[in-house]
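Top line first, the protein sequences correspond to chains F and D. Read in the numbering used here, the first sequence has 154 at position 154, and its numbers run on one by one without any break. Read in the numbering used here, the second sequence has 469 at position 147, and its numbers run on one by one without any break.
It is possible that part of the hints are untrue.
Claimed, not checked - Just a few of them, taken from the derived set where beta-carbon distance is under 10 Å, the chain F residues facing chain D:
#1 I56
#2 V74
#3 G76
#4 I79
#5 R88
#6 K91
#7 E116
#8 D117
#9 D195
#10 L198
#11 V200
Keep in mind the hints are simulated off the structure, nothing from the lab. Note that beta-carbon positions come from the ideal geometry of N, C-alpha and C, so glycine has one too.
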Amino acid sequence: MVATNINTVPVTVITGYLGAGKTTLLNRILTYEHGKKVAVIVNEFGEVGIDNQLVIDADEEIFEMNNGCICCTVRGDLIRIVGNLMKRRNKFDHLVIETTGLADPAPVIQTFFVDEDMREKISLDAVVTVVDAKHIQQHWEADEAQEQIAFADVILLNKTDLVTPEELEKLENKIKAMNGMAKIYRTQNSELGMDALLEVQAFNLDRALEIDPEFLNEVAHEHDETVKSFAIVESGALDGQKLDNWLGKLLQTRGVDIFRMKGILNIAGEDQRFVFQGVHMLFDGKPDRLWKKEENRKNELVFIGRNLDETRLREDFRQCLV
Amino acid sequence: MFGVGAKGKVLLRSRWGDNLSEYVTAVVWSTDGLLAASSAAGEVVLWQDNNLVNLLPAGLTSIDCLSFSADGKFLAAGGQDSKVRIWDISSFKLPLIPDDKKWQPEQEENSLVTLDNAPKWIDKLSWSPTCNQLAFSLGPDVQIWDADCQKVITTLPFTNSSVLDLAWRPNGNNLAIAGQGGVKIWNTKNWDDDPDLIDLPSASIVTAWSGDSKYIASGNLDNTITVSEYGSPDPWVMRGFPGKVANLSWSRSLSNNTPLLAASSIEGIAVWKKEADDKDGWNARVLALHDRRIQALEFHPHSLLLASAGDDGRLVLWTKAKQVGQILEGASGGFSCLVWDRNGQQLAAGGQNGELIIWSKSKRGKGFG
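Generate the whole structure from the sequences, applying the supplied hints.
Next comes the structure, spelled out in structure tokens:
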């Protein structure tokens, strides 16, 4: 994973079940007076503003490589279509990709980090997931529904008018337990300000690490969901070599189940913070700004994944401390 | 417009240049020395003897692929608007003289046929080298349009994914179609036969037959090349590329009856040569000069002169596919495509900011060696 270039086009990925309100959201983005020229890649042609010449139809084509290694799973159709679109680079300044309701968001995200052409031309801005507050209950057990929530940077808890305030509260807590990183907005008709949707820069290492303090301080709840998120907060300095070994092994053995992670680390002997993020087995990290004098040097990590052994991860992480 | 290589040779001299309004997506020569070029703005132009005429004006959607039929009679174009347009060049009065009344670029009625295939983006098409059949990509299928009956005569289902590339075998006997899972090769004498499969663990993104129809190469998404002697079961696999293999070109045959294979991956070029013994496989030499992505790569039709062009705005002529012979410039925003004419006397290239340039062989040159 590589930091963003200056001349790249930001891309927003919209996921969510059929009927959750993705198309409504897409049409809002297309018609909103934000001064941006937006190109859109859709899967169900004909539902969005057809008078826009940069609405492109694509079929989701999953390309697996190297014996099914999950991080090598990419969207072949996007490589082809975005490659064609980039020849018209001066015609648009933001790209939005709508996935089908049953899509796993991981291959879309990985396409923009694994493929060298995409990496050079595109910077992933954010994954936006639209959740139908009423009907999500029926899909709750589906892997796709859980993955779409787990991978999100922004979640629209939509159609809030169709459920009671109590139901909504319960649902929001459930979503927070699965994904403590995402910003959750309660919406009707997918109505949301553009600044919450576009130019979020959720994958930019310089911007991405605003982890919600509330989430970090939260005492672990007991949840029966297999997909969950949790934070590790530890003061003290890390042994760089031990950390490397642990992370390397973790990604190798548990990368399939780790959907996303990010964090800020205090490495022994370094005056700069070390920041990182990951998607499945893809990992990107770099030294960040200097620790401030008055700052409490500590480590903050967030994991989102399936069947993660929280106790074990905490213990293994502590072993990396000096 | 041009620079001279280390040895001070001038192989090509700038002959003509003009600009289209956007990224030049394709350049092709006809057997009669006509050049066609297309742009991301949807233009199609035709050039002959320094005269340029418009076949299609700039519009809202791009034209991405062009092909002249082997007899030079037809020109086909495909693009974002899902249409395949075919012009009967022989009905035009040649030589071309730019004349607004005659060409009326606002009307596309000068095209012979327009096939509408909404909503697929047509980005690959090619005429058969031996008859007037046109193959074009249509999502996961390829359709064959026959100019004699002016109909689509068959639809070939690649199935695994969208079609990423297609290539006619130079002897006209087969059509290779590339995509996820490898290359499928149809028999043109009987389209209904099941295709042969070159099975790959990733996607084939570019495929090319050698000029003698003996070998077929596939450039793959997993940073490898696969080369098969067509009909024999075990392909050679070439590894070590830094990224996916985006361009392939075969040279004419060497004295050992085997051509060289040039391949580009990101900014590097490797030229592969087959060893005398099959068991020793192929060995490569690396040509390093470009410092950004290579967009086009093509051997001279009759020599080992190799042309490469890329995002760095350089078009490099490699003498004997080894040394830098000459560096040509003229597309400051990077080159997008290049093509030699049939006799190897002229080279045309397109640029990412719309540049269209033609060089011709230097009179003082003593052949390309």
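Now for the hints, and whether the structure bears them out:
{"no.": "1", "hint": "I56", "verdict": "holds (7 Å)"}
{"no.": "2", "hint": "V74", "verdict": "holds (8 Å)"}
{"no.": "3", "hint": "G76", "verdict": "holds (5 Å)"}
{"no.": "4", "hint": "I79", "verdict": "holds (8 Å)"}
{"no.": "5", "hint": "R88", "verdict": "holds (5 Å)"}
{"no.": "6", "hint": "K91", "verdict": "holds (8 Å)"}
{"no.": "7", "hint": "E116", "verdict": "holds (4 Å)"}
{"no.": "8", "hint": "D117", "verdict": "holds (8 Å)"}
{"no.": "9", "hint": "D195", "verdict": "violated (30 Å)"}
{"no.": "10", "hint": "L198", "verdict": "violated (24 Å)"}
{"no.": "11", "hint": "V200", "verdict": "violated (28 Å)"}
Checked against the numbered hints above, the structure violates hints 9, 10, 11; every other hint is satisfied.
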